[in-house]
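Counting in UniProt numbering, the sequence shown runs from 1 upward without gaps.
Everything labelled a hint here was simulated from the structure, so no lab data went into it.
Some clues are possibly wrong.
Pairs of lysine-lysine, DSS-like flavour, derived with a Cα cap of 25 Å [unchecked claim]:
#, residue 1, residue 2
1, K215, K225
2, K383, K328
3, K302, K414
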Amino acid sequence: MKELPTLQELPSSLPSPSLFPSRRQSRKSVNVENINKHRKSNNSSNSSTNMTHNALEKLGLFVIFLCLCSISVNHLILLEESESVHHVLHVSNSSNRNKRQELTVPANDLQQRNHFRDVPSQQPLSTSTLSSTTTLMGTHRSFGNNIYTCTYGNTTVTVPTHTPTFIMIGVQKSGTTALLTYFREHPQILETKKKFTREAHFFDTSWNSLIKKAKAMGLTQATEKNCYILETYMYLFQTEQVLEQRRRRQGNDDLPSLFTFEKTPSYFANPMIAQRIQQIVPWSKVILILRNPTDRLYSQYKMTIKDVFDLRKYSLEDMVHHELYAMKYQYNMTTAPLLLGEEETLAEYRDDNNTLQSIPTFTPQNVPFNHPIPPHQWTPPHKSLGKYTDHGPLGHHILLRRGLYSIQLQWWLKHFTIDDNMLVIDYSDLTSNTQEVYERILRFCNIPVVTQNQELQKVRADERKDHRPLSNTTRHYLQQFYAPYNAQLEALLGHHWNAQKLGW
1 MKELPTLQEL PSSLPSPSLF PSRRQSRKSV NVENINKHRK SNNSSNSSTN MTHNALEKLG
61 LFVIFLCLCS ISVNHLILLE ESESVHHVLH VSNSSNRNKR QELTVPANDL QQRNHFRDVP
121 SQQPLSTSTL SSTTTLMGTH RSFGNNIYTC TYGNTTVTVP THTPTFIMIG VQKSGTTALL
181 TYFREHPQIL ETKKKFTREA HFFDTSWNSL IKKAKAMGLT QATEKNCYIL ETYMYLFQTE
241 QVLEQRRRRQ GNDDLPSLFT FEKTPSYFAN PMIAQRIQQI VPWSKVILIL RNPTDRLYSQ
301 YKMTIKDVFD LRKYSLEDMV HHELYAMKYQ YNMTTAPLLL GEEETLAEYR DDNNTLQSIP
361 TFTPQNVPFN HPIPPHQWTP PHKSLGKYTD HGPLGHHILL RRGLYSIQLQ WWLKHFTIDD
421 NMLVIDYSDL TSNTQEVYER ILRFCNIPVV TQNQELQKVR ADERKDHRPL SNTTRHYLQQ
481 FYAPYNAQLE ALLGHHWNAQ KLGW
């Protein structure tokens, strides 16, 4: 505390007595006795001031002591809370931090969420924190490396980190379903909840409804929205078992860790998914399997006509032609010549429903290597890859554009790093050496490789009957169409992804 100036220090700043002349020059000087009385009065005043100063200083020290005591008490409360977290999801009472209430999501509220219509209300998840170190970061709190806690409104959400351990993001028709079966057999990998054993579609189909729900709840801060979305995402996984196992491992390192994952192959084709995953679960790794784009397209075509009866009347060439037409004239994505020629030449082959009654004999032109148009010139820019055509046989199906791997991979490399938190696998490696690829994924995700009685069965190629085989003419056209994108993919991933070496 700054000391107050004493009276002895003041005279140097006072005006000189010569500035105050006496009224009469002949008046006698003040006698010595009056001067002494005046000095005694000054000394008394000085002593009183010093006493006041000392009292203020002691009062200030006492206030500081009280503040320190208050901080210590609050710190002890936080430490006590970090040692007594017994629920994965709990509500914080702002008026009384020691009172905790279980957070149970009503079934009718879950039914309002499109992606959780059939999920029952969640049971309390039992756990305890694995670290007593508490770090405050705005509305977020972190409990060591194993538990992550965030807050939105008056709700505190506590989840195990590395949940999910990894996400399989694509591509479609590349063996991800077969791998799903193998991962289920691993004794330390937990499946997603029953409704989501195949594909969750959390970060694409469900995302907009979550954002609307967060807005309706009055969540305006990005950290609060992300926390609410994280809470909802955790309902997909067996989070309570992961937390309980981590609590038990504190006293017994011999107990195995538990891991979780999800797969949604359509994630790779969406330019927004990579950023969303990084915002919500930045600890998760992603697995990508790439397949020869021509073979992938043909496999998707066979699946489409098998699953959708109304599309069985269309040939592969008709579907590709319609998508090329939209890419060229609607979305400004390519200058490639159309597979079956320009539309006016096909009019005589179409019926009243715009369906080709027969495929005309055609000799497609060579596709120039420089046919792709940069994504920033698309209409709309960057997003045209996922747009559905508004006419023709495709409906809500995208075949040709799913194979533009280099464009999609560039979206992901803005948020992930190859061989760090993103693993890219060649589909041909998966089919030829399934066991080795399976173990490579486990090691990449720091999941123990468990010795099995026998090796995994190899992932089998598509065995659907080729009653509509892919013609050499169409294959040649598609190989030329994909060539510039495959060359760009090699530039991104390295020379071992050379299209000729891969047989693409």
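Hints versus structure:
1. K215 - K225: Since the Cα atoms of K215 and K225 sit roughly 8 Å apart, the hinted pair holds (cutoff 25 Å).
2. K383 - K328: holds, 15 Å
3. K302 - K414: Status violated; Cα separation ~34 Å.
Violation of the numbered hints given earlier is confined to hint 3; every other hint is satisfied by the structure.
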